[in-house]
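Q: With the hints as a guide, dock the two chains, each given alone in a separate frame, to form the complex.
Letter by letter, the chains look like this.
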Amino acid sequence: MSDDAVVVAVVAGHGRFAEGMVSAVEQITGRGAAFATLSNAGLSPADLERALLDRLDATGARVIFTDLPAGSCTMAARRVQRARPDVVLVTGANVAVLMEFLFAAISPLDTPVAGLVDVAELARTAAEKARATLVASGG
Amino acid sequence: MGIQLYRVDDRLIHGQVVVGWGQPLGLRFLVLVDDDVAASDWEQELYRMGVPPDVSVHFHTVEEMGPGLARYQQEASPGLLLVGSVDTMRRLVEVSPSITAVNLGGVHHAEGRVQRLRYVFLTPAEEDMLRALEARGVTITAQDVPSARPVPLADVLAGRADA
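Those sequence lines, one after another, are chains Z and S. The first sequence begins at 1 in our numbering and counts up by one. The second sequence begins at 1001 in our numbering and counts up by one.
Everything labelled a hint here was simulated from the structure, so no lab data went into it. A hint or two may mislead.
Computed spacing ranges between beta-carbons, pair by pair [stated by the list, open to error]:
id: 1; chain 1: Z; residue 1: Ala-24; chain 2: S; residue 2: Pro-1152; range: 38 to 46 Å
id: 2; chain 1: S; residue 1: Thr-1061; chain 2: Z; residue 2: Leu-134; range: 19 to 27 Å
id: 3; chain 1: S; residue 1: Gln-1073; chain 2: Z; residue 2: Ser-23; range: 44 to 52 Å
Which chain S residues face chain Z? A few, computed with CB under 7 Å, are given here [what the hints assert, rightly or not]:
id: 4; residue: Asp-1010
id: 5; residue: Gly-1015
id: 6; residue: Val-1018
id: 7; residue: Gln-1074
id: 8; residue: Ala-1110
From chain S, some residues computed to sit far from chain Z (all C-beta separations above 12 Å) [as the list claims (entries may be wrong)]:
id: 9; residue: Pro-1067
id: 10; residue: Glu-1075
id: 11; residue: Pro-1097
Beta carbons are placed, not taken as given, at the ideal position from N, Cα and C, and that holds for glycine.
For reference, chain S alone in the conformation it holds in the complex (with noise of 0.2 Å):
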């Protein structure tokens, strides 16, 4: 068991997470690493309170994780990993290189960032992270819910999201 899914989503903890990846696949924990939440009290008790009580939440900052990732890896139970940009997965996986798989579950409008699919927005230097996390072996897919075909990195990229 242990972590299922490594998680690129700026909502962070949200619907689709806790109900729409929490229910197939029975999730008990949350891992969110984010530098800025990890550093705020408030911030941590707004997520905490969006989550059923039988799932267990951890905050870390991204340093952390070198060291940290490993004892959430070999739960005996089903975790999810979240991060809130492409940046911070880019930073966790020089960190963590066990991750191989990464999923883009939402990166949405900001200035600078070009739309590559209903819920993927990308500005050139986060386009150039995931070719480079992708050429050192890391798989990239964008899926948004567990019914949703998996979207490969090439189509991403190419807009192409019933390729």
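If we strip away everything but chain Z, and leave its shape as in the complex, we get (with noise of 0.2 Å):
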């Protein structure tokens, strides 16, 4: 994994949500530094708000996974969707929904396809294809 990496979407969570999943898709793919990562402990609203903000100056990316529909780090995605309507913001996250996104965000060549395409379709799309992996067996 080079130091230089795209960034392609900024993972917020509680606890270490984020540090967690970014682990799992760096031990499947080896590409988990093409997600900044964000845990509210410990943040007032305003901080996390900055924070994300920081995040998505820092990066470049505009693709926000949270974890809970009503958790703080959704809360502050949805502010700063208000003043940047361009940002996209995927809840529920789960593992399979960054790796889908992470392939379709990058080519083969770690070249960033965001711009050429609508990242915001592209998050749809995995976002489609990962509530598929939600099932219950068994019992």
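A: Next comes the structure, spelled out in structure tokens:
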């Protein structure tokens, strides 16, 4: 993994959710560095919103994945969207959606396709595919 | 039933409230008391989006709660009341003296605040308000989630989470 890897999205959530999700992506694909992470732990709503904006500005990403639809990271992301309507938010994120989005958003040459394509559409498609991985069986 | 918890939480409606407390208490309604949110349709929509469809959310100003709180206290189903700051809770108790216990659920870092617990940061003025509330008979404990031990105000102010 190169240090200057393209960051395709920010993952934000409770506790070590983001770190854990991205460590799974790293183990599976070796491309964990394609995601910036953020935890809400200890942050006020204003600080969280600022931290989220900082991540977006520092990376150029404009897609945010969060855990709970009601979580403080989601709330902060919705506030960010109010100021920046081009930012895309995906709630209820799992490892599957991160990987679907990752491989849709980068070309095999590690160049970002974002900008050339509609990242909102990529995010929606990834969410649809990942939703199908949530399955209960047995019992 | 009625309101089971009067909570100070600067995140207002979020995961700890909706899931952390909502599930074990079987919450059916939330009362969010905040003058700014009560004046903003956009803010209300934002908070509504985070709540399951079977939980109702009611938005009020502090002033409305003078005459308005009793209705929620007499509800047949369990609910939770939220304010975003110690100062709002102080004002709420002024107009609603029937509140006898307050939960400090989350007051995070801001300029002028000193950290007392992992999730409680207070200015000297906020500490005075909490002491004054307790002096008038309101029990104040800090507890972020139901599984945590409630920390009495004296221990919060001493920074003793595990006392």
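Q: Compare the structure with each hint and give your call.
A: Here's how the hints hold up against the structure:
1. Z:Ala-24 with S:Pro-1152: 38 to 46 Å: Given about 40 Å between the Cβ atoms, the range holds.
2. S:Thr-1061 with Z:Leu-134: 19 to 27 Å: Violated, at about 41 Å.
3. S:Gln-1073 with Z:Ser-23: 44 to 52 Å: Holds, at about 47 Å.
4. Asp-1010: It holds, given that the least Cβ distance between Asp-1010 (chain S) and chain Z is near 6 Å, below 7 Å.
5. Gly-1015: holds (4 Å)
6. Val-1018: holds (4 Å)
7. Gln-1074: Check failed: Cβ of Gln-1074 (chain S) comes no nearer than 27 Å to chain Z, outside 7 Å.
8. Ala-1110: Result: holds, 6 Å to nearest chain Z Cβ.
9. Pro-1067: The claim stands: Pro-1067 (chain S) keeps its Cβ more than 12 Å from every Cβ of chain Z (closest is about 30 Å).
10. Glu-1075: For Glu-1075 (chain S), whose nearest Cβ neighbour in chain Z is about 21 Å away, the distance exceeds 12 Å, so it holds.
11. Pro-1097: holds (29 Å)
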